[in-house]
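Asks: These are the residues of each chain, in order.
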Amino acid sequence: MPIIVKDYQWSETDEKMFVQVPLKGVKQSKADIFCTEEFVKVSFPPFLFEALLFAPIDDEKSTATIRDGSVTFNLLKKEPVMWSQLLSIHSDDKSFVLKKKQEAIEYAQKKSEDIAKRKSSAKEENKKYSLKEMMKLEEADRDRIEQIKVSERNRAMDEFTRWKEEKKVEAELEKMQLLEENKVKKLEENKENESCKISEIFVDDNSDVVDGCRIIELQEDPPLQKANDATEKPMAAVNHDLKQEVDKKKSKVKRQGAGPRQRGKISVNFTPRVFPTPQRESKAVEEDEWLQKQADARKQHAIDDPDLAQHEKDPAWLKDKGGQLFASGDYMAAINAFNLAIRIQPRMPILFLNRAACHLKLRNLYKCAEDCSTSLDLMVPKVAANAKGRLKAHLRRAAAFCDLELYVEALQDYEAALKIEPKNEKLIEDADKIRTVIQSSTG
Amino acid sequence: MEKPQIISHMEKSVNYTLYDCKWIPRSAKFVTIGSHPRGTGALHVYEISHRDLIQLKVYETPTSLKCGTFAASSLQSRHLATGDFKGQLYVWDLENGKPVYQCDAHPEIINAIDGVGGMGVGEGAPELVTGSRDGAVKVWDVRQRDAPVACMEPEDGEDRRDCWTVAFGDAYNSEERCVCAGYDNGDVKMFDLRNMSVKWETNIKNGVCSVEFDRKDISMNKLVASSLEGKFRVFDVRTHNSKTGFASLEEKAHKSTVWLVKHLPQNRDIFMTTGGSGSLSLWKYDYPVKRVKVEDGVKTGVAGSLQYLQNATLSTQPVCGMDWSPDKLGLAVCVAFDQALRVIIVTKLNRI
Chain A
7 MPIIVKDYQW
17 SETDEKMFVQ
27 VPLKGVKQSK
37 ADIFCTEEFV
47 KVSFPPFLFE
57 ALLFAPIDDE
67 KSTATIRDGS
77 VTFNLLKKEP
87 VMWSQLLSIH
97 SDDKSFVLKK
107 KQEAIEYAQK
117 KSEDIAKRKS
127 SAKEENKKYS
137 LKEMMKLEEA
147 DRDRIEQIKV
157 SERNRAMDEF
167 TRWKEEKKVE
177 AELEKMQLLE
187 ENKVKKLEEN
197 KENESCKISE
207 IFVDDNSDVV
217 DGCRIIELQE
227 DPPLQKANDA
237 TEKPMAAVNH
247 DLKQEVDKKK
257 SKVKRQGAGP
267 RQRGKISVNF
277 TPRVFPTPQR
287 ESKAVEEDEW
297 LQKQADARKQ
307 HAIDDPDLAQ
317 HEKDPAWLKD
327 KGGQLFASGD
337 YMAAINAFNL
347 AIRIQPRMPI
357 LFLNRAACHL
367 KLRNLYKCAE
377 DCSTSLDLMV
387 PKVAANAKGR
397 LKAHLRRAAA
407 FCDLELYVEA
417 LQDYEAALKI
427 EPKNEKLIED
437 ADKIRTVIQS
447 STG
Chain B
5 MEKPQIISHM
15 EKSVNYTLYD
25 CKWIPRSAKF
35 VTIGSHPRGT
45 GALHVYEISH
55 RDLIQLKVYE
65 TPTSLKCGTF
75 AASSLQSRHL
85 ATGDFKGQLY
95 VWDLENGKPV
105 YQCDAHPEII
115 NAIDGVGGMG
125 VGEGAPELVT
135 GSRDGAVKVW
145 DVRQRDAPVA
155 CMEPEDGEDR
165 RDCWTVAFGD
175 AYNSEERCVC
185 AGYDNGDVKM
195 FDLRNMSVKW
205 ETNIKNGVCS
215 VEFDRKDISM
225 NKLVASSLEG
235 KFRVFDVRTH
245 NSKTGFASLE
255 EKAHKSTVWL
265 VKHLPQNRDI
275 FMTTGGSGSL
285 SLWKYDYPVK
295 RVKVEDGVKT
305 GVAGSLQYLQ
315 NATLSTQPVC
325 GMDWSPDKLG
335 LAVCVAFDQA
345 LRVIIVTKLN
355 RI
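If you read the sequences in order, they're chains A and B.
Here the first sequence stands for residues 7 to 449, where the numbers follow this note's numbering.
Here the second sequence stands for residues 5 to 356, where the numbers follow this note's numbering.
Hints are computed from structural coordinates only; laboratory data are not their basis.
Keep in mind that a hint or two might mislead.
[As the list claims (entries may be wrong)] Result set (DSSO-like, lysine-lysine): computed pairs, CA atoms no more than 27 Å apart in a straight line:
1. A:K155 / B:K33
2. A:K134 / A:K117
3. A:K155 / B:K288
[Claimed, not checked] Listed below are several chain A residues computed to face chain B (Cβ distance under 7 Å; list not exhaustive):
4. F53
5. L54
6. R148
7. S157
8. E158
9. A162
10. R168
11. G270
12. S273
13. T277
No residue lacks a Cβ here, since even glycine has one placed at the ideal position from N, Cα and C.
Please model the complete structure; the sequences and the hints are all you need to start from.
Replies: Spelled out as structure tokens, the structure:
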């Protein structure tokens, strides 16, 4: 409970009210002053001074100073009337006082809210203003640049129009000049028709086209018979061209037209383009097809043969086993292994290829050719990925055909193999050998 | 604002597909080459006057046209040579729209055409070169009918790659000529027409959209080849090393296909590249301190450096045709696949 301070002093004039509240030793900074129109309070714990005033004061113009250990209020009265007492009449009525206090507090609160609002709105205004100013500046800058650009453009266009006019004038002048000269020359010609000699006239080889490639020299030569001879033949053909040529002043030598060059051909070859290929040439579709096929082929068929162990049903193992047997020379057993593998994975081309090799060794040539054909059919989207396999298939089948003396078919297989690998020299040699055999047998 | 500025001065929308545009020399006119949706070709001649483009002439040709050049015709006649979608080579007289020369050059579309020896520039016979999708590059002389003067193609049965671009160069006297061709697998081949041989070839990994020498009528100096994947390469072709070929420097631009490289006629070290994103970039090549270095008695070229001068985005579609005006510095016309042709001015080029 704060201690109410009662030993304050007050005095007044018509307009002002002075109240002095001693701070009783409490630090000045701890004093909290609250003042509204009708209510004044100083709280300096543990002391408290509050007073409900006799009449309202103008709290905006009133001041309070903390000095010399006391708070001095300098209150400006709203009505310049002598009060003769500080506290209001109702000060004894505690509830009244309380109510007034509440009102005062609310009033003060509202006021401070108002002030805050006004401050913030003022800030907003300032911000907007500064933004507008900045925008104006930037706008001005941009306009300036635009102006410069437009003026440059105008200048360039004016220059251009001027240049065009100049050209036009020049062209006109030239035309006038040419007309003048033409007239003059015509007169001269008519006068000197007999005495003018056309000495050297070079005519171009392919001269059906009248396209100004001549040199004409006009010379004045005393002997007239020569003139007559010379003028007779070419005169007719050249006459109308002469008019054109003669238009130039005096004897200007026109540029000798160069004859067209000799025909020639240059062979070109292009750098091969492996990857990336342009979209229109890409084999992406086929490669995807091939991958899909491979994936399908790997699907295995289950076989229930009680004699076989689990690992013996694995086609990869079987393939390796077959390879081992082939290497050791046991071709029948190898074939068995491959047969079993094919039963499980019927669409793996490599199994057919290997079985074909076995058949070739056993001289089952038809079976070998069959197996090669099957494997080729399985490697149908012809992509780089299965090139090696196809090559092997073609070569094995060719070998089988050779042994069967079906040389034409063998040659076909060699050609196919060469398409896959055109640079392989052994292939080229073998193909040539077969060709000679065919020719010697048919020839 | 000291850099050159690329200013789009005029823009015009048309109702046919534009493939190429060329200035008519010695005039303020240009011709656009394109095709109508109905499969016929379009040749429109425009003139620039004050603020407007005036359409002077409109011609329709039997098949869609792809490319054209004035470079092989004389200054008096100014005939336009074009290649079309059926592989035919026509030379048109633009005064009356009639063909002066016609031949079946290739069985497939002619992708690129170039000319040399006309326009009062250079010496020697005026010739045209065409590159086609059938992989052949053929050189034509208008005075010879029906058969090319030189033919560069693979043997029968060999792989064929589309030829996407051709360019003449090294035509410094009446005998020397060089043709450079770029293909869709990245091959760049240079053919010597005097010796009828392949002078040099290389592969720049991505399809070559455009090759150009910096000047046709001087001894070979620089060659720029632009390609897919936003790259282009500048070769210094003055010095040839038998082992390493030509020195080159590679640059990335546009973040999309670099469709064209066009050198400024008035300054051979400045060129513009056009991109598939509809942008134009202006570049300057700076020569190195020493252009040739000698190692073990063998000379090799040294590539210089590129300066990126300016960039402008004019369109959203690839800029497929561009031509600098040979008469006015900085004036150019370009066409894009958004069926719009634009006249642009590049300022301050005389101060670089």
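Asks: Please go over all the hints and tell whether each is borne out by the structure.
Replies: Evaluated hints:
1. A:K155 / B:K33: 25 Å, holds
2. A:K134 / A:K117: 26 Å, holds
3. A:K155 / B:K288: Holds: A:K155 and B:K288 sit about 22 Å apart, inside 27 Å.
4. F53: Result: violated, 76 Å to nearest chain B Cβ.
5. L54: 75 Å, violated
6. R148: 14 Å, violated
7. S157: Hint violated; A:S157 Cβ to chain B Cβ min 11 Å, cut 7 Å.
8. E158: With a closest approach of 5 Å, the A:E158 hint holds.
9. A162: At 5 Å from the nearest chain B Cβ, A:A162 passes the 7 Å test, so the hint holds.
10. R168: 11 Å, violated
11. G270: With a minimum Cβ separation of about 4 Å from chain B (threshold 7 Å), the hint on A:G270 holds.
12. S273: 6 Å, holds
13. T277: 5 Å, holds
In the structure shown, a violation is registered for the earlier hints numbered 4, 5, 6, 7 and 10, in ascending order.
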